Every structure is written in structure tokens, then in C-alpha cells.
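Participant: So the chains spell out like this:
Number of protein chains: 2
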Amino acid sequence: MDAVIKQMIVGVDLGGSKINVILADSRGNIEGRDWRDTLAHEGPEAVIKRIIKSIKQVASGADIAGIGIGAAGTCEASTGIITFSPNLPEWHNIPLKDIIQREFGLPTYLENDATAAVLGEHFFGAGVGVENLVYVSVGTGIGGGVIIGGQLYHGASGSAGEIGHMTIDVNGPICKCGNIGCWETFASGTALAREAMRRIESGAQTTIPSFAGGDLGRVSAESVFLAAQVGDNLARDLIWRTAHYLGVGLVNLVNIFNPQLILIGGGLSQMGPLLLDPALKVVSERAFELPARAVRIELARLGADAGALGAVALVLQKKFST
Amino acid sequence: MDAVIKQMIVGVDLGGSKINVILADSRGNIEGRDWRDTLAHEGPEAVIKRIIKSIKQVASGADIAGIGIGAAGTCEASTGIITFSPNLPEWHNIPLKDIIQREFGLPTYLENDATAAVLGEHFFGAGVGVENLVYVSVGTGIGGGVIIGGQLYHGASGSAGEIGHMTIDVNGPICKCGNIGCWETFASGTALAREAMRRIESGAQTTIPSFAGGDLGRVSAESVFLAAQVGDNLARDLIWRTAHYLGVGLVNLVNIFNPQLILIGGGLSQMGPLLLDPALKVVSERAFELPARAVRIELARLGADAGALGAVALVLQKKFST
Numbered sequence: 001m002d003a004v005i006k007q008m009i010v011g012v013d014l015g016g017s018k019i020n021v022i023l024a025d026s027r028g029n030i031e032g033r034d035w036r037d038t039l040a041h042e043g044p045e046a047v048i049k050r051i052i053k054s055i056k057q058v059a060s061g062a063d064i065a066g067i068g069i070g071a072a073g074t075c076e077a078s079t080g081i082i083t084f085s086p087n088l089p090e091w092h093n094i095p096l097k098d099i100i101q102r103e104f105g106l107p108t109y110l111e112n113d114a115t116a117a118v119l120g121e122h123f124f125g126a127g128v129g130v131e132n133l134v135y136v137s138v139g140t141g142i143g144g145g146v147i148i149g150g151q152l153y154h155g156a157s158g159s160a161g162e163i164g165h166m167t168i169d170v171n172g173p174i175c176k177c178g179n180i181g182c183w184e185t186f187a188s189g190t191a192l193a194r195e196a197m198r199r200i201e202s203g204a205q206t207t208i209p210s211f212a213g214g215d216l217g218r219v220s221a222e223s224v225f226l227a228a229q230v231g232d233n234l235a236r237d238l239i240w241r242t243a244h245y246l247g248v249g250l251v252n253l254v255n256i257f258n259p260q261l262i263l264i265g266g267g268l269s270q271m272g273p274l275l276l277d278p279a280l281k282v283v284s285e286r287a288f289e290l291p292a293r294a295v296r297i298e299l300a301r302l303g304a305d306a307g308a309l310g311a312v313a314l315v316l317q318k319k320f321s322t
Numbered sequence: 001m002d003a004v005i006k007q008m009i010v011g012v013d014l015g016g017s018k019i020n021v022i023l024a025d026s027r028g029n030i031e032g033r034d035w036r037d038t039l040a041h042e043g044p045e046a047v048i049k050r051i052i053k054s055i056k057q058v059a060s061g062a063d064i065a066g067i068g069i070g071a072a073g074t075c076e077a078s079t080g081i082i083t084f085s086p087n088l089p090e091w092h093n094i095p096l097k098d099i100i101q102r103e104f105g106l107p108t109y110l111e112n113d114a115t116a117a118v119l120g121e122h123f124f125g126a127g128v129g130v131e132n133l134v135y136v137s138v139g140t141g142i143g144g145g146v147i148i149g150g151q152l153y154h155g156a157s158g159s160a161g162e163i164g165h166m167t168i169d170v171n172g173p174i175c176k177c178g179n180i181g182c183w184e185t186f187a188s189g190t191a192l193a194r195e196a197m198r199r200i201e202s203g204a205q206t207t208i209p210s211f212a213g214g215d216l217g218r219v220s221a222e223s224v225f226l227a228a229q230v231g232d233n234l235a236r237d238l239i240w241r242t243a244h245y246l247g248v249g250l251v252n253l254v255n256i257f258n259p260q261l262i263l264i265g266g267g268l269s270q271m272g273p274l275l276l277d278p279a280l281k282v283v284s285e286r287a288f289e290l291p292a293r294a295v296r297i298e299l300a301r302l303g304a305d306a307g308a309l310g311a312v313a314l315v316l317q318k319k320f321s322t
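Sequences listed follow chains A and B, in order.
One point on numbering: in the numbering used here, the residue at position 266 of the first sequence is 266, and numbering is uninterrupted.
One point on numbering: in the numbering used here, the residue at position 106 of the second sequence is 106, and numbering is uninterrupted.
No lab work stands behind these hints: they were computed from the structure.
If you're wondering where the values come from, they're calculated on a predicted model, not measured in any experiment.
Glycine included, C-beta positions come from ideal geometry on N, C-alpha and C.
Hints may contain errors.
Below, computed lysine-lysine pairings styled on DSSO-like, alpha-carbon distance capped at 27 Å [stated by the list, open to error]:
no.: 1; chain 1: A; residue 1: K281; chain 2: A; residue 2: K56
no.: 2; chain 1: A; residue 1: K176; chain 2: B; residue 2: K281
no.: 3; chain 1: B; residue 1: K281; chain 2: A; residue 2: K281
no.: 4; chain 1: A; residue 1: K56; chain 2: A; residue 2: K319
no.: 5; chain 1: A; residue 1: K49; chain 2: A; residue 2: K319
Computed footprint of chain A on chain B; a stretch qualifies when at least three of its residues, placed anywhere within it, have a C-beta under 8 Å from a C-beta of chain A [said to hold, decoys possible]:
no.: 6; stretch: 52-66
no.: 7; stretch: 167-176
no.: 8; stretch: 284-292
Label pairs and their computed distance ranges (CB to CB) [claimed, not checked]:
no.: 9; chain 1: A; residue 1: L39; chain 2: B; residue 2: E298; range: 40 to 46 Å
no.: 10; chain 1: A; residue 1: V128; chain 2: B; residue 2: T79; range: 24 to 30 Å
no.: 11; chain 1: B; residue 1: E285; chain 2: A; residue 2: R27; range: 19 to 25 Å
no.: 12; chain 1: B; residue 1: T207; chain 2: A; residue 2: P173; range: 37 to 43 Å
no.: 13; chain 1: A; residue 1: L216; chain 2: B; residue 2: E285; range: 46 to 52 Å
no.: 14; chain 1: A; residue 1: L299; chain 2: B; residue 2: G149; range: 43 to 49 Å
no.: 15; chain 1: B; residue 1: G149; chain 2: A; residue 2: N93; range: 23 to 29 Å
no.: 16; chain 1: B; residue 1: D25; chain 2: A; residue 2: P107; range: 34 to 40 Å
Bound conformation, chain A alone (with noise of 0.2 Å):
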């Protein structure tokens, strides 16, 4: 493992909005940053331009191994191409891996950013020995990522773990990914700020627009936790709501995988025991007895960090491993 301890290693985790860069050794350190917003709005190109931008400051100087990257979609690991992505418009069969590569000459792996992140919990975080893990990221939308014996689980093309494209609610909306009322159109960060909306256009009494500037527009799953804070009646009901959803979809995977921890991460995460109790409430009330006893669910403990860690993780295993 010297060669690993000597050389650094540029994690690149790439969501629906933000662009997280790390530069870090093979202990997890991280010892350089470049964080931006994603602009996925303005389509692929843009946003490629973006990330190679914030490689360069990260990396300028630094001996580099290689290159991690993971992104908020459906990729397909042994290509290295983004297939699809509810959360980045636009991005269709994107070689992300190969342009990257090109471009900077150095070995680069690409995986979905939830699969990156479970990977990166299992080298430096709270899922560290864990053999049976679910990593579940509540952001913009809901990602999974799952290691099984040890081992990340990919399934039979890579795009295993889409657990926030289960459906929850047969007559629920239709999700941005096509199918009907998946878990991420009740729990996610979007539709807790969707919802905020909506309360608020029906004349709910609340502070929460305070919190995003007096626009309605600019309501976020943030302004709402803020607003939370303060004590804000309806910004609790709201996050109650979203943490209620979280967990019927908690015990979809207690009964399912039978693991020993599931990590909550992804944006969301940050609200700590408000999101989360709620929804080991409902855990416990509703899963099977056998699972529900041998499984914790806690927060995932590299926070924001989380996907770009794991894009680390994934350049150790993949170069480093034999």
C-alpha cells in the first residue's frame, strides 16, 4: 500500500446541485476542496466544463493516482457511461469516465454517487466491518447503495441499489424517472420543498419563506429545516411528513435486505433526529420483528463528504486491489 500513501487521489462527487471536488490521501484526509453548484439546467456540456474546471484547482501540483467519480444517476461502472438521470437533465449515455480520463491522462472510475458514497462509509465511515449495508441518500432525490459480504452489490449491469425508484404509492404521482410514486416523490428534499409550496400557496401560516429570501421560488428543503429550528409549526408537520415517508420506505429494505446498518445520508441527513426519529418510529411499528431487531439505522458520518470520500474508495479498490 506505499504507493497508495504517497500519491493522492481526486474524488469528484457530481449531484443535481452541487459539484463537490476532494483531493485526498488514502486515509480519507482530505487536503484540498473545490465546491460549486451544478447548474444542471444548463445541460451536460456546461457542466462536464464545470467539473474539469474544478479538477484542475484541486489537483493542480499534486501527485494524483487517479480519479473517482460519483454521479447522481444511472451508471453503468463497467463502461464508465451515465445512462440516464432524473436529477441531471439531459444526461443520456454521457461517457463521463472516458472525457474525464482523456482529458487528464490518469486512471478514472465512475459509479452512481449513492454506490460511491455506501463504498466510502465502508472504507472511512460509519459502515467500516460492516458486511450487510444499505447507504441511503436523501437529497434533491433518494439514492441507495448497498454492500453485500463486503463487497459493493452492482447486479448484473452496474445500476443496482435505485431504491429511491421503488414505488411506494401505486396511485401516487408520476416520478421524473417514469415509473409511478417512488420513494424519492414523497421523501426527498424536492418533494419536502414541493410540499412546503404548496401548504404555503393555500395560506398556511409559517416564517419559512423568510428563510429563502421572501421567494416563494427559492423554498427549499433548507428553508423549511431553518425555518424548523425556530420552531416553526408547520416547517416540523412538513419535516414530520418527510421523515414519516422515509421510514415506510426504510421498511421496505429492513424486510428486503435483513441488514445489519442503514446510513442515512445526502443533504437531508443533516437534520439529524428531527428526520430520523419519525422514521424509526415507523420502522419499528411496521417492519418484520426478526430484521427490525438486527438492524441499526443512524446517520451516515462523512455528511456532504460522503460521495466524494467514496469516489476516493472506489479509485483504492479499483487501482489498489488485485
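Chain A is already provided as a structure; the job is to place chain B on it using the hints.
Facilitator: Below, chain B without anything else, positioned relative to chain A:
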């Protein structure tokens, strides 16, 4: 493997409606059988007596290597205890493995019935050589078994694969398991029969009751299937509806597991294309493109013997591995 080939194995499939006990060799050739009603309402003691009687009948005079049991409930594989079963009333923490082992003085192994079935298909059926495989048993309830990396996936405490108890309708009915809107409340044989009775009671024109001896209380999935085969429109509609809901849950499994193969077994799989085709249509319309392209969804090959042959495979795997 010589020892295996010489000795015979007993496989027990304990279902909510039927007990199927077979005597098979190590290649899965069935050389004896006893098939009887479970009569689950009589409670665990009566059912266990029935199982013992059935095994005695089948095993009489044979040289037996071991007994495998697949049971319709949550099973703790390590202890051989059935902790809970939605379809076997009063079965709470029943040490079935120990009871049978003491009775016959033979190595005995217990798994959930669908877990056993997936192993059966992997050893002897449609899943030979398939690395990532999900088995969906559609009968009285919906059970599941998962093979990952060519191995049975047990999860942390041996109850993984309870796919029938994932919520697909968060506003749906309460399931016998305590969860809300479980897949099996919509797409199982019980759900099909219940909906048939409801429609008939509402005055729908149909020949279904004539396939239940004219007794509305005895309308079953089988009566609906028989009516559908003679062109009964309500019966066809009801099966289409069940198949549609089956598809909704299959989409979830495709997105979550990205499996190579999903096998549909259990009693309702006898409906063949009538059940499979509408379900496949839902998958092709709603699942993520990448995993939808990667998966084959087919009828299981071992039919009503999947559970019992899986129980045989269980003995082979446990007793003769290493």
C-alpha cells in the same frame, strides 16, 4: 459427492395451504411424495404432527442423508426457528428444525420457503449458473428468495427476501404482517380471491362461482383462473389487475437489485402468460432502462415442487459443502 448420490434426501415445503413432502436423490429426481392440506387454522401442534406423519410415509425404508424444510414464514436459519408467519396463524418462535431433528434423529435444516425455492431453482431449475437471481413466489402470499454472487443471501439474521412485505401503497390496507399496503395485499392469490368475491358481491356478471362449487366463500385464485380459461371477462380483468400489481412490485425489484433473472413461482405462476405478460408490460414501461434491459423475467421451472426441491438443495448445500 458419492455419499450424496447413494443417500436420499427428504424435502418439506410447508405452505399456508399445502404441505408437500418429497423424497429425492442428489440430482433432484423425485422418487416419493406426500401432498396434503396444511389446515393451518388448527394451529402449530396439529400441523407439525401432520408434517411428521408425511415424512414417515415418504421416508419409509429409505436411507436418508437429511431433511430440509422450507416454511412459509420468517425463519432464523441459524437456530431453525420459525419466528413469525403471516400465513400460519399462531406460529410464533416455533423451533421446527429441532422438533423434526429430534423426531427422526437426522440432520435437519430450515429456511423460509421462498429462500428454499430460489436455491432449488439454482440447483435444479431455471436458475442454474445464474449469479444474481430473485425468486418471487406468488401464492397465498408473496415470498422471495435472493441469490447474490451465486450464494443464498440471508441478511443479518436470515430473514432477507421478504419482498411480499414491501409497501407499494402507502394508503393501502393493513397487511397481516402489520405493515401497510404490502405487495402481497395486492398481487397474491389471496388478494385475487378477495377482489373476486368483492366484485361478485357487488353484482358483477361472472361464471367464477360455478368453479367454486357455487359457494362464494370458496372462491379462490384457482376458480378465477378456471373461469378465465373459458373466457369469463371478469375473471380475465381480475387476473389482469393482479398481474398489473405484480408488475409494480417487479419494477421495484428490477430497480433495487438489477438482477440477471427474476423467476415467478408459486401457485399463481400456473396462470402462465395470462399473469406474466401484463406484469412484463409494466416493467418495460416503468423500470429504469439499464436494469430492465439486463433482466429476464420468467416462470420458475420447478413449479409446485420448487420449495420441496429447494429444501433438498438445502441439505445438499449444508451437509455436503466444504
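Participant: Each of the hints needs a verdict: does it hold here or not?
Facilitator: Status of the hints after comparison with the structure:
no., hint, in the structure
1, A:K281 with A:K56, "46 Å, violated"
2, A:K176 with B:K281, "19 Å, holds"
3, B:K281 with A:K281, "36 Å, violated"
4, A:K56 with A:K319, "21 Å, holds"
5, A:K49 with A:K319, "25 Å, holds"
6, 52-66, "violated (count 0)"
7, 167-176, "holds (count 6)"
8, 284-292, "holds (count 7)"
9, A:L39 with B:E298: 40 to 46 Å, "44 Å, holds"
10, A:V128 with B:T79: 24 to 30 Å, "28 Å, holds"
11, B:E285 with A:R27: 19 to 25 Å, "46 Å, violated"
12, B:T207 with A:P173: 37 to 43 Å, "38 Å, holds"
13, A:L216 with B:E285: 46 to 52 Å, "35 Å, violated"
14, A:L299 with B:G149: 43 to 49 Å, "29 Å, violated"
15, B:G149 with A:N93: 23 to 29 Å, "28 Å, holds"
16, B:D25 with A:P107: 34 to 40 Å, "51 Å, violated"
Going through the hint list in order, the structure does not satisfy hints 1, 3, 6, 11, 13, 14, 16.
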